[in-house]
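**Q** Its first residue numbered 1, the sequence shown is counted upward by one per residue in the numbering used here.
The reader is advised that the hints may include incorrect statements.
Straight line, CA to CA, 20 Å or less: simulated SDA-like cross-link-like pairs of lysine to any residue [stated by the list, open to error]:
#1 LYS29 - GLY50
#2 LYS14 - VAL67
#3 LYS29 - ILE19
#4 LYS32 - PRO13
These are computed hints drawn from the structure, not numbers from a lab. A quick note: this is a predicted structure, and the numbers were derived from the prediction, not measured.
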Amino acid sequence: MSRSLKKGPYIDPKLLKKISVIKPGDSVKVIKTWSRDSQISPEMIGFTFGVHNGKDFIPVSVNEDMVGHRLGEFSPTKKFTRHGGKMQKEIEAKKKESEIAASKAAKATTDKK
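Work out the full structure, taking the sequences as your base and the hints as a guide.
**A** Now the structure itself:
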């Protein structure tokens, strides 16, 4: 058995204290935390955590599939900006125009019938 298994999962003591005070399933209460490195334990199932991502708190509702993962995994810190740039915008605009034209053509054929 490796040393890390002997040590057990890390859960912030302040977070454990907050969990023990609140009843599970209380959807009104969001538990705010900056402890992104805390591991999700079975006691946390049913709670909603506000996990800080560096700017604001992202609500994370814990379910059974999340046990063993870290809270920070469900609160991304970086905003994904799509690839492409100017050329990609032009391609998307043409695609949108063709979809609009196709929907108008389909509407015209249904109106004739």
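**Q** If a hint holds in the structure, say so; if it doesn't, say that too.
**A** Hint-by-hint comparison with the structure:
1. LYS29 - GLY50: With Cα atoms ~10 Å apart, LYS29 and GLY50 stay inside 20 Å; holds.
2. LYS14 - VAL67: Holds. LYS14 to VAL67 sits at ~19 Å (cutoff 20 Å).
3. LYS29 - ILE19: Holds - the C-alpha atoms of ILE19 and LYS29 are around 11 Å apart, at most 20 Å.
4. LYS32 - PRO13: Holds, because 14 Å separates the two Cα atoms, which is no more than 20 Å.
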